[in-house]
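Undergrad: Residues per chain are reported as follows:
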Amino acid sequence: MRFWLIQSLNGLALGGLLFLLSSGFSLIFGLMRVANLSHGAYFMLGAYVGLSVLNAGYGFWAAVAAGALSIAVLGAIIERLLLRRLSGRTFSQVLVTLGIAFIIADSSLLIWSGDPMPLPVPRALMGAVPVFGVFFPKYRLAVVGISIVTAVALWALLERTRLGAMIRAGVDDMDMARALGIPVPRLFTAVFCLGSALAGMGGVLGGPILSVYPGLDMDMLPLALIVLILGGPRSVVGAFAASFFVGFVYTFGQALFPQLAYVILFLPMVAALVIRPSGLFGAQTA
Amino acid sequence: MRRAPLIVACVALLLVPAFSPSDFYVNVGTQILIAAIFALSLNLLVGYGGLISLGHAAYLGVSAYLTIWLVTRAGLSHLPAAIAAVALTTAMSAVFGLLSLRATGLGFLMITLALGQILWGLAYRWVSVTGGDNGLSGLRRPHPFGIDFSSPRAFYFLAAAVFACAFVLIAVLVRSTFGAGLQGVRDQPRRMQALGWHVWLVRLLAFVAAGFWGSVAGVLYAYYNQFVSPHVLALTSSAEVLLMVIAGGAGTLLGPVVGAVVVVMLKNVVSAYVTRWVMLLGLVFVAIMVFMPEGLVPGLDRLRRRRLAAGER
Numbered sequence: 001m002r003f004w005l006i007q008s009l010n011g012l013a014l015g016g017l018l019f020l021l022s023s024g025f026s027l028i029f030g031l032m033r034v035a036n037l038s039h040g041a042y043f044m045l046g047a048y049v050g051l052s053v054l055n056a057g058y059g060f061w062a063a064v065a066a067g068a069l070s071i072a073v074l075g076a077i078i079e080r081l082l083l084r085r086l087s088g089r090t091f092s093q094v095l096v097t098l099g100i101a102f103i104i105a106d107s108s109l110l111i112w113s114g115d116p117m118p119l120p121v122p123r124a125l126m127g128a129v130p131v132f133g134v135f136f137p138k139y140r141l142a143v144v145g146i147s148i149v150t151a152v153a154l155w156a157l158l159e160r161t162r163l164g165a166m167i168r169a170g171v172d173d174m175d176m177a178r179a180l181g182i183p184v185p186r187l188f189t190a191v192f193c194l195g196s197a198l199a200g201m202g203g204v205l206g207g208p209i210l211s212v213y214p215g216l217d218m219d220m221l222p223l224a225l226i227v228l229i230l231g232g233p234r235s236v237v238g239a240f241a242a243s244f245f246v247g248f249v250y251t252f253g254q255a256l257f258p259q260l261a262y263v264i265l266f267l268p269m270v271a272a273l274v275i276r277p278s279g280l281f282g283a284q285t286a
Numbered sequence: 287m288r289r290a291p292l293i294v295a296c297v298a299l300l301l302v303p304a305f306s307p308s309d310f311y312v313n314v315g316t317q318i319l320i321a322a323i324f325a326l327s328l329n330l331l332v333g334y335g336g337l338i339s340l341g342h343a344a345y346l347g348v349s350a351y352l353t354i355w356l357v358t359r360a361g362l363s364h365l366p367a368a369i370a371a372v373a374l375t376t377a378m379s380a381v382f383g384l385l386s387l388r389a390t391g392l393g394f395l396m397i398t399l400a401l402g403q404i405l406w407g408l409a410y411r412w413v414s415v416t417g418g419d420n421g422l423s424g425l426r427r428p429h430p431f432g433i434d435f436s437s438p439r440a441f442y443f444l445a446a447a448v449f450a451c452a453f454v455l456i457a458v459l460v461r462s463t464f465g466a467g468l469q470g471v472r473d474q475p476r477r478m479q480a481l482g483w484h485v486w487l488v489r490l491l492a493f494v495a496a497g498f499w500g501s502v503a504g505v506l507y508a509y510y511n512q513f514v515s516p517h518v519l520a521l522t523s524s525a526e527v528l529l530m531v532i533a534g535g536a537g538t539l540l541g542p543v544v545g546a547v548v549v550v551m552l553k554n555v556v557s558a559y560v561t562r563w564v565m566l567l568g569l570v571f572v573a574i575m576v577f578m579p580e581g582l583v584p585g586l587d588r589l590r591r592r593r594l595a596a597g598e599r
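Protein chains in written order, with the numbering used here: chain A, 1 to 286; chain B, 287 to 599.
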């Protein structure tokens, strides 16, 4: 019982991190039809930036802000300078993001060396609180809380604001949105920035739980892909549910069958692919 | 006249060991041949099928793991092990094809990427079978009929023979009715369907053919390196072979071969001076996509044609 409870709570914490990573990934994919393969690298780079800010003597929340902001700026630069030049050439865009992922990974190795480094837990969130009779780290509960707040904020942004209405219009029918005078290019930059910022923030928040190490990027990217495959590209709710589902499956897989955790992750994806009769993402990618 | 370059290429292929001052260049030649078979296999999907896979390292990697595992752990002799490795890997490619072809386009790319990463994770974590990060080693090259394949030159000729077979058979496949159908499905899936082609089946068969030739390259890879580690299944490996296909020219017969020459040479030359191969790989990817997305062979062909046209004027 204790085991299941603790692992469930761990699954929740990982699910929260996954949501921060993959909500941006899904949003970018949904609007721009770009599978941003550097998203895992953004997550890792965010964590490294956060680490450097912490080492420079600033506080944890400053590190989170720095991680989010720096990756948002990086995302904006990449979107403006590279992806825009290739607009309409989907595969060139995807492969450029893959190239950028390699460049970021190798640069990080050069700058921060190859040792895994945990980020310290902020002082206010040290220690554990009792949850249903077991002691559970406060920090992980805080991560779950932050991801829920983020999900609600994203949902409100998309469903309740003018900007969100424009983004939804762009996702549904880009040409019509353009014809109605929605500034689609600016919207692209905004969404890419937002998605990048979420990944960078997720990286710093994940630091105390996952540590940051070379290869973190390629550990996270498939998780984001699976969340997108399970949750679909159109909804915050889908990404949210899929993130927690994958978080649970991965946590229990790792606890019960440590050698085969990755394969267990792959089962729900296979099931989703087999069950959905029209294939992935409906007619959009046909 | 059209056959002249082919004959020149064959002669050059045979002369590499004779003119090479040391085994180093013979080994680079072998690496190029193996990479070229691998790139040719992916080109069936990417170039002729229009299906961009980012998980092609799966077939080379699994086949290499199987070969070494079957010989060193299960005690099979070389030929049955190689045949079993190719057969099992090809069967796996059929399953992966069934899953990946639930989507086309970006969905296909993401599923192949996810499947490839899962295999990488399996090789890395399933320590009791795969040896984890240490990989598997201990494979020795065979000595059939008194030929000692442990010499770099003998192994070069083996790789060259397999490469020649692969090149000819893939060329025949591409020019067959099936190849025409595959290219038709790439360009006009709906029209092909209306003409009575089974679009999905054509794609699946191409996927399996690509898996088959990828696993053949995997057997050669296993015997060339006599060692395999999770690195071979990493996304960088899938990206490298995709770069060979795209840089050389997807959908041309020679493109992947040229791409293999360029990428392997670059990798060998660069790693002699700097250790930042992954960064260079990334930079080359970005540069090719931005400046020469069609690849070297079609790009140079276009330049040559333009010059010919200018000469006639």
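No wet-lab data here; the hints were simulated from the structure.
Careful, some of the hints might be misleading.
[To be verified] In the SDA-like style, the derived pairs of lysine to any residue whose C-alpha atoms are separated by at most 25 Å in a straight line are: (1) Lys138(A) x Ile264(A); (2) Lys553(B) x Ser107(A); (3) Lys553(B) x Arg33(A); (4) Lys553(B) x Val263(A); (5) Lys553(B) x Ser113(A); (6) Lys553(B) x Trp486(B); (7) Lys553(B) x Trp61(A).
[What the hints assert, rightly or not] To list a few chain A residues with every Cβ distance to chain B over 10 Å, as calculated: (8) Arg2; (9) Met218; (10) Ala241.
The beta carbon of each residue, even a glycine, is placed where N, CA and C say it ideally should be.
Undergrad: All the hints need checking, so say for each whether the structure fits it.
TA: Hints and how they fare:
1. Lys138(A) x Ile264(A): violated (28 Å)
2. Lys553(B) x Ser107(A): With Cα atoms ~18 Å apart, Lys553(B) and Ser107(A) stay inside 25 Å; holds.
3. Lys553(B) x Arg33(A): Status violated; Cα separation ~32 Å.
4. Lys553(B) x Val263(A): Outside the cut-off at roughly 32 Å; violated.
5. Lys553(B) x Ser113(A): With a Cα-Cα distance of about 22 Å, the restraint between Lys553(B) and Ser113(A) holds, given a limit of 25 Å.
6. Lys553(B) x Trp486(B): It is violated: about 37 Å lies between the C-alpha atoms, which goes past 25 Å.
7. Lys553(B) x Trp61(A): violated (42 Å)
8. Arg2: holds (26 Å)
9. Met218: Violated, since 6 Å does not exceed 10 Å.
10. Ala241: Non-interface label stands for Ala241(A): nearest chain B Cβ at 18 Å, farther than 10 Å.
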